[in-house]
Amino acid sequence: MPTASMTVNGKAVSGEVESRTLLVQFIRDKLGLTGTHVGCDTSQCGACVVHVNGKSVKSCTLLAVQAEGAKVTTIEGLANGGDLHPMQAAFRENHGLQCGFCTPGMVMSALDLVQQIPDPNEQQVREWLEGNICRCTGYQNIVKAIQAGAKAMRS
Amino acid sequence: MHNFDYHRPTSLADAAKRLSGEAKLVAGGMTLIPTLKQRLAQPSSLVDLGGIAELRGIKPEGGGLTIGAMTTHAEVAHSAEVKKTIPALAVLAEGIGDPQVRNRGTIGGSISNNDPAADYPAGLVALGATVITDKRRIAADDFFKGMFETALQDGEIVTAVSFPRPDKAAYMKFPNPASRYAMVGVFVARTGGGIRVAVTGAGPGVFRATEMEKALAGNFSADAIKSVKIPAAGLNSDMHGSAEYRAHLVNVMARRAVTACS
Ligand SMILES: Cc1cc2nc3c(=O)[nH]c(=O)nc-3n(C[C@H](O)[C@H](O)[C@H](O)COP(=O)(O)OP(=O)(O)OC[C@H]3O[C@@H](n4cnc5c(N)ncnc54)[C@H](O)[C@@H]3O)c2cc1C
Ligand code: FES
Ligand code: FES
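Chains as they are written, first to last, in the numbering used here: chain A, 1390 to 1544; chain B, 262 to 523.
Heads up, a few of these hints could be off.
Unchecked claim - From chain B, some residues computed to sit far from chain A (all C-beta separations above 10 Å):
no., residue
1, Arg269
2, Ser281
3, Pro295
4, Gly358
5, Pro360
6, Asp395
7, Ile399
8, Thr411
9, Ala412
10, Glu417
11, Ser423
12, Gly466
13, Ala478
14, Asn497
15, His509
Unchecked claim - Below, a list of computed lysine to aspartate or glutamate pairs in the DMTMM-like style, where the Cα atoms sit at most 25 Å apart:
no., chain 1, residue 1, chain 2, residue 2
16, B, Lys298, A, Glu1407
17, A, Lys1419, A, Glu1465
18, A, Lys1444, B, Glu283
19, B, Lys285, A, Glu1405
20, B, Lys344, A, Glu1405
21, A, Lys1460, B, Asp309
22, B, Lys298, B, Glu283
23, A, Lys1533, B, Glu355
24, A, Lys1419, B, Asp266
25, B, Lys298, A, Glu1519
Stated by the list, open to error - Here's a subset of chain A near chain B, in silico, CB distances under 8 Å, partners left out:
no., residue
26, Val1402
27, Ser1403
28, Glu1405
29, Arg1409
30, Val1427
31, Leu1451
32, Leu1452
33, Asp1501
34, Glu1519
To be clear, the hints were calculated from the coordinates, so they are not data collected in a lab. Every residue, glycine too, gets a C-beta built ideally from N, C-alpha and C.
For reference, chain A alone in the conformation it holds in the complex (with noise of 0.2 Å):
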């Protein structure tokens, strides 16, 4: 069998995985880390969604060994002991969320667009959020989160 090795959220892990492993089953089931979330097979949720050398992709749609030798961040790599990201703040404190499920993929993905505009106008958080589905909120308050989160990070 294959062993997938890599670096995630800063720690050397690796385990044994089947060629179709994908890097998200290795990420949740192998190593427990069961923030990054699974909610399509079509690629097209964004609730996987996680940095892989430093950019956001859909862990759903990459094989794990293909993840061979990457530095891997998840959600769960974001919080300094108790105290959140601004960015996983933000979402807190401006109701970005309800049941949270495709929480984790926005917050990755939103922290991609903030490393490329650390600045983004609310049609640029929109544009951005293409490929991150939300069922619940309506997406007002992740735009809002998403732009306060910036403004955090930016101070």
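The hints should help you fit chain B with the ligands onto chain A, whose structure is shown.
Just chain B with the ligands now, with coordinates in the frame of chain A:
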């Protein structure tokens, strides 16, 4: 998903050697992995092109650009070189899917897959690009063969696409609101060799709107093609829009693209 062997060669020659039997190439995986999940394909092995450095990157060449097969949509969209030489191509890449699809999906994967609603085929055909494989060079007009079919032979690997520089070019797409694929996309290019209008999304594969090209040759303006009708016969008709609707959209998108060129 059925299981398979996985290989990640570091050279093109090694990748070609691995491509026997039921082996399949994987580039960004944005089309292939969902297909495997649905068990619509069952390759015995996957040969990942991600480890081959020479397939990546954007180079100015002969006044135009050569883009490696493994260059992602995001890399094309953000490239200063592309924005300078063929800005319409950067716009096209920026409009593909969503940011995460653009971070993984590649130009080589997109054209090899030749989805009838994909964006790149229109860009390649309108710009008169050349597809470069590990075996030969194929003009874009000869490369796309209709729905999900290309001129590629078994085991042939796209290594790059070479684009000449147009005088003016623009791409206008009416995205399907759910998938972001093109309901209709029209790429108009004005080059030394004439005017080319390529349409994606509307039919079973990319095609040139030759009547529009003729009308634009005499008078390069949106008005010149206002009355040029695209026949609805043979166009796609589905839950998102009828063939007549798409035929009409082609004219609207073409006029917008021409306006954006001038
Ligand atoms: C949610 C979503 C939205 C999308 N929206 C759009 C859109 O709006 N517009 C659009 O154009 N596309 C869209 N796509 C498709 C996307 O652009 C894909 O990236 C692309 O179609 C396939 O590229 P890939 O690199 O991921 O290829 P893969 O999925 O890895 O491969 C696709 C096929 O091409 C073959 N192949 C790959 N590379 C080569 C090569 N170098 N030589 C020969 N054969 C090769 C593979 O064997 C496979 O059969 C979308 C995809 C998703 C998941
Ligand atoms: S689980 Fe839906 S995009 Fe990955
Ligand atoms: S908060 Fe429920 S899916 Fe977004």
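Quiz item: Holds or violated: is there a CB of chain B closer than 8 Å to the CB of Leu1451 of chain A?
Solution: For Leu1451 of chain A, the interface hint holds, since the closest Cβ of chain B sits about 6 Å away, which is under 8 Å.
Quiz prompt | Gly358 of chain B and chain A, when compared Cβ to Cβ, separated by more than 10 Å | solution = Non-interface label fails for Gly358 of chain B: nearest chain A Cβ at 7 Å, not farther than 10 Å.
Quiz item: Are all beta-carbon distances from Ser281 of chain B to chain A longer than 10 Å?
Solution: Holds, because the least Cβ-Cβ distance between Ser281 of chain B and chain A comes to about 17 Å, which exceeds 10 Å.
Quiz prompt | Hinted pair Lys1460 of chain A and Asp309 of chain B, Cα distance within 25 Å | solution = OK: Lys1460 of chain A and Asp309 of chain B at ~19 Å, within 25 Å.
Quiz item: Given the hint that Lys298 of chain B pairs with Glu1519 of chain A, does the C-alpha gap stay at or below 25 Å?
Solution: holds, 22 Å
Quiz item: Is the nearest CB of chain A more than 10 Å from the CB of Asp395 of chain B?
Solution: holds, 22 Å
Quiz prompt | Agreement of hint Asp1501 of chain A with chain B interface, Cβ distance less than 8 Å | solution = Holds: closest Cβ of chain B sits about 7 Å from Asp1501 of chain A, inside 8 Å.
Exercise. Beyond 10 Å from every chain A Cβ: check whether that's true for Glu417 of chain B.
Key: holds, 23 Å
Self-check item: Lys1533 of chain A paired with Glu355 of chain B [C-alpha distance capped at 25 Å]
Solution: holds, 24 Å
Quiz item: Once the closest CB in chain A is found, is it more than 10 Å from Ser423 of chain B?
Solution: holds, 27 Å
Quiz item: When you look at the beta carbon of Ala412 of chain B, is every beta carbon of chain A farther off than 10 Å?
Solution: About 27 Å separates Ala412 of chain B from the closest Cβ of chain A, which puts it past 10 Å; holds.
Quiz item: Is it true that the CA of Lys298 of chain B sits at most 25 Å from the CA of Glu283 of chain B?
Solution: Holds, at about 17 Å.
Figure legend: structure checked against the earlier numbered hints; hints not met, in rising order: 1, 3, 4, 5, 18, 20, 26, 27, 28, 30.
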